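Enquirer: Taken in sequence, the protein lines are chains A and B. Counting from 1, one number per residue, gives the positions in the first sequence under the numbering used here. Counting from 334, one number per residue, gives the positions in the second sequence under the numbering used here.
Source of the hints: derived by calculation from the structure; they are not laboratory data. In this text the structure is predicted, and so the values were computed from the model without any measurement. There could be a bad hint or two in this list.
[Said to hold, decoys possible] In the DSSO-like style, the derived pairs of lysine-lysine whose C-alpha atoms are separated by at most 30 Å in a straight line are:
no. : chain 1 : residue 1 : chain 2 : residue 2
1   : A       : Lys212    : B       : Lys427
2   : B       : Lys337    : B       : Lys351
3   : B       : Lys689    : A       : Lys232
4   : B       : Lys411    : A       : Lys212
5   : A       : Lys232    : B       : Lys539
6   : B       : Lys341    : A       : Lys232
7   : A       : Lys212    : B       : Lys585
8   : A       : Lys272    : B       : Lys411
9   : B       : Lys464    : B       : Lys341
10  : B       : Lys607    : A       : Lys110
11  : B       : Lys427    : A       : Lys232
[To be verified] To give an idea of the interface, some chain A residues facing chain B are shown, with a C-beta separation under 7 Å as derived from the structure:
no. : residue
12  : Arg2
13  : Arg3
14  : Ser24
15  : Thr167
16  : Ala222
17  : Arg225
Where a beta carbon is used, it is the ideal one built from N, C-alpha and C, also for glycine.
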Amino acid sequence: MRRIIFFVAAAVALAVLILWNMWSGSHSMTGREIWQVLTGQVTEGAGYQILWNVRLPRICAAFFLGGALAVSGFLLQTFFGNPIAGPYVLGISSGAKLVVALTMIFFLGKGIHLKSYGLMAAAFVGSLMAMGFVLLVSLRVQKASLLIVCGIMIGYVCSAVTDLLVTFADDSNIVNLHNWSMGSFSGMQWANVGFMAWMVILTCVITFLLSKPMGAYQLGEAYARNVGVNVKALRIAMILLSSLLSACVTAFAGPISFVGIAVPHLVKLCTKTAKPLILIPGCFLGGAVVTLFCDGIARCAFAPTEVSISSVTAVFLAPVVIVMMLRKKEAKS
Amino acid sequence: MEIKNGLKTEQLSVGYEKKVLLSGVELEVRGGSVLTLIGPNGSGKSTILKTLTRQLESLGGRILFLEKDGSAQTDAGKETWRSMEEMTGAEIAKKLAMVMTQRPAAELMTCREMVATGRYPYVGMLGILGKEDWQKVDEAMHIMNAEEVADQSFYAISDGQRQRVMLARALCQEPKVLVLDEPTSYLDLRHKLDILESIRRLAKEKGIAVITSLHELDLAMKVSDWIACVDGDRVARQGTPEEIFSGDYVQKLYGVDPECFNPMTGALYLKAGKAQPKIFVIGGGGVGIPTYYKLLREGIPFAAGILFENDLEMDAARACASQVVSAEAFTPIDAKALERARKLIDECETVICPLKTFGPLNEANKALKEYAKNCGKLENVVE
Chain A
1 MRRIIFFVAA AVALAVLILW NMWSGSHSMT GREIWQVLTG QVTEGAGYQI LWNVRLPRIC
61 AAFFLGGALA VSGFLLQTFF GNPIAGPYVL GISSGAKLVV ALTMIFFLGK GIHLKSYGLM
121 AAAFVGSLMA MGFVLLVSLR VQKASLLIVC GIMIGYVCSA VTDLLVTFAD DSNIVNLHNW
181 SMGSFSGMQW ANVGFMAWMV ILTCVITFLL SKPMGAYQLG EAYARNVGVN VKALRIAMIL
241 LSSLLSACVT AFAGPISFVG IAVPHLVKLC TKTAKPLILI PGCFLGGAVV TLFCDGIARC
301 AFAPTEVSIS SVTAVFLAPV VIVMMLRKKE AKS
Chain B
334 MEIKNGLKTE QLSVGYEKKV LLSGVELEVR GGSVLTLIGP NGSGKSTILK TLTRQLESLG
394 GRILFLEKDG SAQTDAGKET WRSMEEMTGA EIAKKLAMVM TQRPAAELMT CREMVATGRY
454 PYVGMLGILG KEDWQKVDEA MHIMNAEEVA DQSFYAISDG QRQRVMLARA LCQEPKVLVL
514 DEPTSYLDLR HKLDILESIR RLAKEKGIAV ITSLHELDLA MKVSDWIACV DGDRVARQGT
574 PEEIFSGDYV QKLYGVDPEC FNPMTGALYL KAGKAQPKIF VIGGGGVGIP TYYKLLREGI
634 PFAAGILFEN DLEMDAARAC ASQVVSAEAF TPIDAKALER ARKLIDECET VICPLKTFGP
694 LNEANKALKE YAKNCGKLEN VVE
């Protein structure tokens with residue numbers, strides 16, 4: 001019952017947020033205008049351009065990438081059995097940033113300006129490399145808390161190297177990197193949205209199909225193996241899926257903090273369960289809602305100036321994480 | 334009851350990270366009976382159990398499940414065993430369940446949901462339990478008397494209740510073989526008895542083959558049909574509890590003084606140094622035991638006597654006293670023993686006599702008390 005209420009409420013919130021994101025912004029639109037664009041009655045003019053080519057792709061991106069972030073966070077938290085695991089914490093975003101900086105400087109040195117696809121590919125490679133490194137460490141270190149510490153350290157090292165590169169790179173175009181590294185959904189195009197939608201949907205469906213073995217894995221490796229789970233294969237699958245999801249997000253929107261950590265906790269709190277069967281769709285929905293909300297604020301709070309999405313997510317979600325941790329400690333003692 | 338279940342190992346080597354700890358392990362257990370591993374801490378009991386449950390890789394040898402016990406006409410008395418290596422994880426899951434010392438993580442889980450995780454090998458792709466599965470969950474909880482905690486959080490219940498829930502979980506996995514690593518650790522008296530009684534019941538009524546490890550030797554003796562002693566590099570000895578617990582083998586296994594443990598009663602004794610006695614205690618029938626322990630705690634060496642060989646307090650006296658004067662059971666105490674006791678009293682500073690009454694066979698002790706009184710050494714016992 002509680003769970004049904006949660007899903008209904010999340011769906012309603014999602015609808016409201018989508019409408020709000022379509023309606024609000026520096027160019028305000030009337031409900032009628034929105035309706036006409038959506039139904040295809042109007043196919044030109046400023047209103048059409050803004051809604052169809054700017055706001056809608058951005059809404060779709062926030063929806064898919066927000067969901068992807070939360071599911072990725074849930075996967076990592078399950079994998080490590082640790083509530084503070086998340087793509088940002090494990091150094092995945094920083095790894096992506098480093099590779100983006102490297103490629104940018106390399107190509108700028110040759111006088112080539114990288115298109116957005118190039119950036120995305122670089123971010124993708126960087127995320128997978130950072131994740132691969134964390135995985136490598138995880139083969140040697142069994143303790144999850146140590147692994148998290150390793151991830152954080154990897155993140156710091158990557159950031160330090162990036163800063164160093166930026167300091168000594170002379171081209172002023174490096175400002176692009178700075179913009180990207182703030183994390184933002186602005187400038188999304190339909191082509192990008194199509195690619196990310198396929199990617200995210202496919203990955204999330206596979207994740208959902210793994211909810212049974214993941215549920216057993218939550219009890220602990222020994223019990224999972226005892227009921228017949230191929231633990232090794234499951235671990236690889238989980239880490240690959242979460243890497244794909246977070247790489248996808250980092251590639252298209254840059255590093256976005258806190259959604260990955262906080263949303264699974266929020267959903268657990270609302271549904272009062274940790275079962276993957278409910279949490280995976282729950283996290284996807286919750287992540288989409290939270291990200292749409294934060295992106296809306298990032299766009300509108302200081303319009304026409306946009307704030308980086310990570311500043312908004314940090315302000316709203318960091319306290320959530322802290323409160324969760326404290327509550328959890330109380331509940332256990 | 335038809336016994337179709339069973340598990341055995343053939344020349345099994347177990348250990349951590351390719352390092353063999355124990356080798357040549359040959360164990361066998363049949364449905365309806367309980368096999369218990371005993372041995373000191375770190376001797377490899379858990380290593381064996383973890384290898385059986387595939388938490389550790391087997392480092393050689395085979396683990397086999399009984400497929401046909403040869404009782405059917407067509408089998409012509411021939412047993413068929415199947416190696417675990419040839420079986421898939423899902424097949425093994427339907428044969429072997431476990432409860433380990435390590436508690437499962439159970440975030441936001443009720444006990445009923447925890448028990449339900451045992452149905453994993455039987456439910457479909459998404460892991461949703463059907464009506465029959467839930468029936469089996471409730472049945473298992475009923476058998477283990479865990480119904481009253483069904484809707485409570487798994488983290489909120491006591492260790493004893495948790496163990497019952499974990500056994501119910503293992504039970505609804507419908508195993509042929511049940512592996513339990515130290516199922517009574519951390520439990521109080523009542524829950525220890527409760528869990529062991531349940532284990533025997535599961536073995537007998539469900540025909541499950543149980544392999545367990547226990548630290549409580551007295552309980553191991555009572556609950557096990559077969560005992561295997563693990564000593565650090567091999568399974569040193571196997572047998573029925575009667576065989577294992579005779580003589581002083583078990584004391585040797587654990588590296589304790591033979592006087593410190595009575596394998597028949599399971600009682601443990603602290604041992605005192607054997608210094609020149611300062612006090613003589615006239616005891617018998619158990620009334621002297623508190624005095625022995627008191628003197629032991631205070632570090633005062635003492636002598637005890639005259640005790641019949643079969644006396645209840647003989648073990649305690651042997652462990653605690655520097656010297657014990659004993660006499661043959663069911664016969665009047667002979668003069669030689671009395672003489673020895675008198676000599677000891679001469680050497681001691683005081684005599685304590687917790688004994689109140691003296692029967693016809695026990696005249697010598699009465700005489701001893703008189704002797705001490707005459708020497709002015711008898712300490713008055715506060716009545």
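Enquirer: Now look at each hint and say whether the structure bears it out.
Expert: Tested hints:
1. Pair hint A:Lys212 plus B:Lys427 holds up; C-alpha atoms about 16 Å apart against a cutoff of 30 Å.
2. Between B:Lys337 and B:Lys351 the alpha-carbon distance is near 34 Å, which puts this suggested pair outside the 30 Å criterion.
3. Annotation: proposed proximity of B:Lys689 to A:Lys232 is violated, straight-line Cα distance about 71 Å (limit 30 Å).
4. Distance restraint check for B:Lys411 and A:Lys212: the Cα-Cα separation of roughly 39 Å exceeds the 30 Å cut-off, and the hinted pair is therefore not satisfied.
5. Between the alpha carbons of A:Lys232 and B:Lys539 the distance comes to roughly 33 Å, so the proposed pair goes past 30 Å and is violated.
6. Taking the CA atoms of B:Lys341 and A:Lys232, the gap is about 26 Å. The hint holds against a cut of 30 Å.
7. This hinted pair does not check out: A:Lys212 and B:Lys585 have alpha carbons roughly 48 Å apart, beyond 30 Å.
8. For the proposed pair A:Lys272 and B:Lys411, the alpha carbon gap of about 53 Å is over 30 Å, so the pair is violated.
9. The hinted pair formed by B:Lys464 and B:Lys341 fails the criterion: a straight-line CA distance of about 35 Å is larger than 30 Å.
10. Restraint check for B:Lys607 and A:Lys110: the C-alpha separation of about 91 Å exceeds 30 Å, so the hint is violated.
11. For the hint linking B:Lys427 to A:Lys232, the alpha-carbon distance of about 20 Å falls within 30 Å, and the restraint holds.
12. The interface hint given for A:Arg2 is violated, since its Cβ lies 12 Å from the closest Cβ of chain B, which is over the 7 Å cut-off.
13. Interface restraint check for A:Arg3: the shortest CB-CB distance to chain B comes to about 12 Å, outside 7 Å, so the restraint is violated.
14. Taking 7 Å as the C-beta cut-off, the interface hint given for A:Ser24 is violated, the closest approach to chain B being about 37 Å.
15. With its C-beta approaching chain B no nearer than about 44 Å, A:Thr167 sits outside the 7 Å limit, and its interface hint is violated.
16. The closest approach between the C-beta of A:Ala222 and any C-beta of chain B is roughly 5 Å, which is under the 7 Å cut-off, so the hint is satisfied.
17. The beta carbon of A:Arg225 comes within 5 Å of a beta carbon in chain B, closer than 7 Å, and the hint placing it at the interface holds.
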